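Trainee: Could you slot chains W and U onto chain G? The hints should help.
Protein chains in written order, with my numbering: chain G, 9 to 349; chain W, 124 to 318; chain U, 125 to 411.
There may be inaccurate statements among the hints.
To be verified - Capping the alpha-carbon separation at 30 Å, the derived lysine-lysine pairs in BS3-like fashion look like this:
{"hint": "1", "chain 1": "G", "residue 1": "K213", "chain 2": "U", "residue 2": "K163"}
{"hint": "2", "chain 1": "U", "residue 1": "K163", "chain 2": "U", "residue 2": "K405"}
{"hint": "3", "chain 1": "G", "residue 1": "K112", "chain 2": "U", "residue 2": "K315"}
Please keep in mind that the hints were generated in silico from the structure rather than gathered at the bench. What you are looking at is a predicted structure, and each value in this text was computed from that prediction instead of being measured.
Chain by chain, the residues run as shown.
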Amino acid sequence: MDDFGRRLLQRLVRRTPAQALKATLGKWERLTVAQRQSVDFTQPKVAVMEQLVAIFEENGWTVKHITELEMINYMENANRGMWHAFQMTDPKDDANAVEMMQFKEQFKSHLSELVRHVSVKIKKHTDEALWIRIAWGDSYSPPNHLKPTYVVHHLQTPYVFVTSLNSKQKPFLVQALILSTGYQGIKDANLSGQKLTAIRDLLMKQYQQIFPSKYNSPLTEKNETVSNPHIEREQSEHASKRLQMACEAFGDGIVPQLQTAVYKLETKFRGDANTNRTMTKREGPFRCLVKFASTNLLESFRECASSGIASTPVSPLLSSITLKGRNYFVVTENGLPSSQT
Amino acid sequence: MKVGDLSVYIDMSLLKPFSKLPALNAATILLVEREERFQQNLADALVGDTTVTVNVRLAKSLPLPMDNEESRPRIDLVVFIINLTSELSLKSAEASLKYLDPGYFLGKVCFLATNARNTSVPTERLDAMRKLAASLHCPLLFAEDQTPDGVNSATERLLTVLKVAAGLVPTATALYLSSLTRCTIPPDIDQPSFE
Amino acid sequence: MEGASSKGVLSHLSHLEVVTRSRKCEAQQPGRVAELKAKAAALVKQRDQLKAQIQIQQNLQKLRKSMNKHSNEEEEEMDEDSENSQLLRLMARHSHLRDLLDAHHLIGGYDVIKTSQGKGMCVSLATAYEGVYLDTYNLELDLKPKLRIRRHNIPPFIPLNQLAEQSNMEANIKPFLHLLSQHLNAFAGRKQQLKLVKENHKSIEVMESNVLCSILVLMLTVPRQKTAVLCTLDYTDQTRCLPTNARFESEDKELLNSPDWKKHCSLLKDTPLHKALTTMKTIGSIM
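Next comes chain G alone, as it looks inside the complex (with noise of 0.2 Å):
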């Protein structure tokens, strides 16, 4: 094995925690059952490490072989860099007969007309999901496997989701998108993340979400807890009406981990004339960044408005990161949250 695998390597090892690489491993199929029970991962990283070196060596195994095991590992752990969404936009009529072995074809054709030296790599997640990486290279340098961009589509649906794309590389990939899925154009949906299945689940609606009823939703049931025959809530339907309009807003049960939403405001500056004469004054709109951010942003949104922190009806420009599936806003004097597309 040249330098460069074993540095690719070695960079997959040490990002890697020990039992996910015994995952990684396990599903990886080129490995025999004696070999995979050979690597000792109770040892520290470098042993680990040497100990593969051999078995790819021994193998002949080369750099195409480590990027299939990098895949299979990204795969299972897409938790990791920040994941943008992409929305394809127009669908021609066949856009929703394309197949997957025919997406295959057409994408990895677009793509290596654009640029020369590209590798791709695609593959089937269980979940229906195609995984995409792409080494870049350019006219003269080889397909760099040390930055690949990862990429995620579902067929039929007209989101992508990508991680690490530079903007130079941007154009090829969204002109081979796009001409391979049967869509005619691509936007910015807006939505980013470090948990590509919170902004997935946000998107394809795979969260779980609280509609009007007529009949008594669970959620009254589960609000009513049982407490000391002493203690009486005064404004106990207050409480359940809030937070049936929080779960309304932000989904109930798990909801997508989000973790930031921006808010970028180009309103007119309100207040009183007198105590800042200079801000009200001034000509043209007034810039300002509203950052939310948590470890679970929606769970803390619905936390709040139920628990009457927050005031309920939830406000649109809180309520629209579910409802149009982003967070990030400009927020323009008309008072409606709208982009910049």
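Mentor: Relative to the frame of chain G, chains W and U by itself:
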């Protein structure tokens, strides 16, 4: 709306200290807190008292809903829990005050401030809080809501006031106690501190 | 002649002897008898169960009739063993409500409620396949200033906006809901069929499928020769849960040209997938 209607409306929504008969060896406390967070812990601790039957009513703000009017016992003490890190908390308590009958302010109202030690609390808010309590002749208690010890000591203090306010302590009355415990503003509160 | 006939009698007798002996032998097979007895007992049990079920159904029918007749009056029949009758009454009520719900859906009714003081509404669309209720989808709509979808939990591969445009939702919501419900029901049906295939036909490998369940590639195996046959099903019409196109691929070209497999092709197009596969299995075409 006619003036007559308005007065009826106000009368109905006003909480009165003596409109109902007291129950034997029982005291009722009303905890008003906008966030509805600390009140639950406090309530659980308050009902644990074995010497008297303590009834706790929890509310987010006043006025209280009319539907519960029948089932609600006479309320002996109204406690406004104010989280000093939140401006809304103080504003909400202020707005609720006008739904109390003036009779309550003779020793049957007290303020309980939490998070007073938090560094993000502006001194102006603390001062506003103290002024409010002083102007209404009410005691202002400070409590620690994060630790069990804090909850216990707040409970102890509230129980003492509650028992007096409910008339369960033979030698003391609410008015008498409040004249001793009410919040007073230090004379230098409005003066800049750097002189 | 005589000799022959006497020989005939003797041989007849000896034949009879053989027969009786063999009959005795049969009687000596206690295992077989016990087996048959057990089978008989099982059948009797099954008959009794069916009889009991018929009885329950009849009671239910009677109850429901009486419920319909005088729904306001209290019924005082069947008070013997009250627990049973209560259960029966509940069952009757349940089946009655279910029928009403089915009828409601059948005549094109939707579960709609008003929201935000009449400014919006919420429609819930239940999907069902072969009498089993599956996922329920919801749509929240704004009525003012114009009819508009506000929020929903319909998966993105159902082309909601396209359907809304196509059926001119703003002018009339009913055709839109009908079309959407067709799409959702067909999707639920396809998904359920795939689930049933995966559950009941372990010998069949699902090679490819997608989220919309509009393309399905199955690997079938012919029993004796162990020939692999690739079966591709295309569900181009997304309002149906039957494929528009079914084709087989195999190395054994003769096999696919046989009339049996030609028939299978049309069978797959006309019957739900899991049933078609069961039929093919019983004929012995596949494992």
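Trainee: Does each hint hold? Answer for all of them.
Mentor: Hint by hint, here is what the structure shows:
no. : hint               : result
1   : G:K213 with U:K163 : violated, 53 Å
2   : U:K163 with U:K405 : holds, 26 Å
3   : G:K112 with U:K315 : holds, 24 Å
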